[in-house]
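Chemist: From just these sequences and the hints, can you work out the full model?
Heads up: the protein sequence lines correspond to chains A and B, in order. Residue 157 in our numbering is what sits at position 157 of the first sequence, and the numbering runs on without skipping anything. Residue 75 in our numbering is what sits at position 75 of the second sequence, and the numbering runs on without skipping anything.
Errors might be hidden in some of the hints.
Unchecked claim - Here chain B is said to cover these stretches of chain A; the calculated rule only asks that three of the stretch's residues, wherever they fall, bring their Cβ under 8 Å from a Cβ of chain B:
#: 1; segment: 41-55
#: 2; segment: 81-89
#: 3; segment: 113-121
Unchecked claim - Straight-line alpha carbon distances no greater than 16 Å define the calculated EDC-like cross-link-like pairs of lysine to aspartate or glutamate that follow:
#: 4; chain 1: B; residue 1: Lys-75; chain 2: A; residue 2: Glu-134
#: 5; chain 1: A; residue 1: Lys-62; chain 2: B; residue 2: Asp-83
#: 6; chain 1: B; residue 1: Lys-45; chain 2: A; residue 2: Glu-134
#: 7; chain 1: B; residue 1: Lys-82; chain 2: A; residue 2: Asp-151
#: 8; chain 1: A; residue 1: Lys-182; chain 2: A; residue 2: Glu-137
#: 9; chain 1: A; residue 1: Lys-62; chain 2: B; residue 2: Asp-84
#: 10; chain 1: A; residue 1: Lys-105; chain 2: B; residue 2: Glu-98
#: 11; chain 1: B; residue 1: Lys-75; chain 2: A; residue 2: Glu-137
Simulated from the structure, these hints should not be mistaken for lab results. If you're wondering where the values come from, they're calculated on a predicted model, not measured in any experiment. Glycine included, every Cβ here is placed at the ideal spot set by N, Cα and C.
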Amino acid sequence: MASQLPKLTYFDMDGGRGEPARLAFYYGSIAFEDNRVTFAKWGELKGSTPWGSLPTLEIPGKGTVGQSLAIFRYVGRHANLYPTDDFQAAQVDQILEGLEDVSVKLGSTMRSDEEKKKADRQRLANEDLPRIFENAEKILSKSSGKFALGDQPTIADIVIFVLNRWLSSGIIDFFPKDFTSKYARFSGIAQAVGDLPKIQDYYAGRQKAKEAAASK
Amino acid sequence: MSDTPKLHYFNISYGRSEAIRLAFIYGNLPFEYNTFSFPEWPAIKPTAPWGTAPWLDVKQGQIGQTQAILRYVGKQTGLYPKDDFEAAKVDELLCALEDVTGVLRPIFQEQDPAKKKELQEATLKGDLKNSLERYERNLQQSQSNFAVGSSPSITDLSIFVIRRAHMLSWVPTSFWDNFKRFNQITEAVAQLPALQAELSKQQQQQQQQS
Chain A
1 MASQLPKLTY FDMDGGRGEP ARLAFYYGSI AFEDNRVTFA KWGELKGSTP WGSLPTLEIP
61 GKGTVGQSLA IFRYVGRHAN LYPTDDFQAA QVDQILEGLE DVSVKLGSTM RSDEEKKKAD
121 RQRLANEDLP RIFENAEKIL SKSSGKFALG DQPTIADIVI FVLNRWLSSG IIDFFPKDFT
181 SKYARFSGIA QAVGDLPKIQ DYYAGRQKAK EAAASK
Chain B
1 MSDTPKLHYF NISYGRSEAI RLAFIYGNLP FEYNTFSFPE WPAIKPTAPW GTAPWLDVKQ
61 GQIGQTQAIL RYVGKQTGLY PKDDFEAAKV DELLCALEDV TGVLRPIFQE QDPAKKKELQ
121 EATLKGDLKN SLERYERNLQ QSQSNFAVGS SPSITDLSIF VIRRAHMLSW VPTSFWDNFK
181 RFNQITEAVA QLPALQAELS KQQQQQQQQS
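Modeler: Below is the structure:
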């Protein structure tokens, strides 16, 4: 029998472009099928996705949605993480879209050879990304409160959290892991999201799941 | 800040502001349009929310990022679905358009005419063909002439702008014939009663300039 739950398909990693959707579902206490794909299995799956990419979201009775930001907005609306006021929603949108460039620029260096990767990532760290982050910081500083729009979290804050985790993880070769520490609002928001009980719960659950899988 | 929304962009035609302009016009929503030249841009850039154009000034503040602005105006003018799933499909197709226009960027940036022509030909046979084929596949689902559901959306406007962009006049019409839905949506937008006055005006202005 076909699943009656929304099915999110993304790589089996605790981060990346699908992670904000997982967190949004969990934050909103919305049951969903967390379809985690290994890189090995991706090859056979790719052709059947709408855009040759992940994440995808299958909604029972409706169809499939690709493109991460479209998915974030959809889940965000259901999880009380997306404003109903049009101007506030636009503030969330501009943060999502402004930060998208960061993932795109860094993502484009993934498959380069070591020499080019190092040169490109150093340029990103010293020039391109500071421009984006300075602009983001200016916008984020226009509001006060724990999160981007005030004291209520939105999907923009979830994206900031996931992005910050990645940039600060040290797993990006040739990219300084203290990069985001210069940006007080950005870092502060990431911290505030990390402190949310639901988010802490989520990663505690993930830890348990990984331990259980490892002990099999 | 004034109550009338004010859109800011470069003084170029059919760039990132056009779909937004058409959305305002479609909804008969008054707006001011402020343009500037590329030489003027460095002085203006610090006043733009993301250091990029377009941006929109409204009563409550500023909105940067093309899609954010387009979605905001779309919601005010009946060009954005109320249904969650349809809204997600509009968003998805709007996002994916960036991949189509993205393949064209190296061509815009190439200054040498010979290299530019080479790049155009290669892109036509390669990246542009591939990305449009994939886009066209994703447009098959709708039951109407529009991209999503049975009424026009900001995605349809964006498709129209790309198809009609003068910057893409180097693409032969025969190439576009392969992309029936893309063409069908463009035609459907071109026929919208609410856009006739504006589109006629644009056509007249173009004729005067040529």
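Chemist: For every hint, state whether the structure bears it out.
Modeler: A quick look at each hint next to the structure:
1. Interface restraint, the segment 41-55 of chain A with chain B: holds (3 residues with C-beta to C-beta distance below 8 Å; minimum three).
2. Closer than 8 Å: that is the beta-carbon criterion, and the segment 81-89 of chain A has 3 residues meeting it against chain B, so the requirement of 3 holds.
3. Remark: the segment 113-121 of chain A is not confirmed as covered by chain B, as 0 of its residues place a Cβ nearer than 8 Å to a Cβ of that chain, below the required three.
4. Restraint check for Lys-75 (chain B) and Glu-134 (chain A): not satisfied, since their Cα atoms lie roughly 29 Å apart, outside the 16 Å limit.
5. Of the supplied pair hints, the one linking Lys-62 (chain A) and Asp-83 (chain B) holds, its CA atoms being roughly 11 Å apart against a limit of 16 Å.
6. Straight-line distance between C-alpha atoms of Lys-45 (chain B) and Glu-134 (chain A) comes to about 13 Å, which keeps the hinted pair within the 16 Å bound.
7. Taking the CA atoms of Lys-82 (chain B) and Asp-151 (chain A), the gap is about 26 Å. The hint is violated against a cut of 16 Å.
8. Under the criterion of a C-alpha separation no larger than 16 Å, the hint pairing Lys-182 (chain A) with Glu-137 (chain A) is consistent with the structure, at around 10 Å.
9. With a CA separation close to 10 Å, the supplied pair Lys-62 (chain A) and Asp-84 (chain B) stays within the 16 Å bound.
10. At most 16 Å may separate the alpha-carbon atoms for a hinted pair to count; Lys-105 (chain A) and Glu-98 (chain B) meet this at roughly 14 Å.
11. For the hint linking Lys-75 (chain B) to Glu-137 (chain A), the alpha-carbon distance of about 27 Å lies beyond 16 Å, and the restraint is violated.
Violated hints, in rising order: 3, 4, 7, 11; the structure is consistent with all others.
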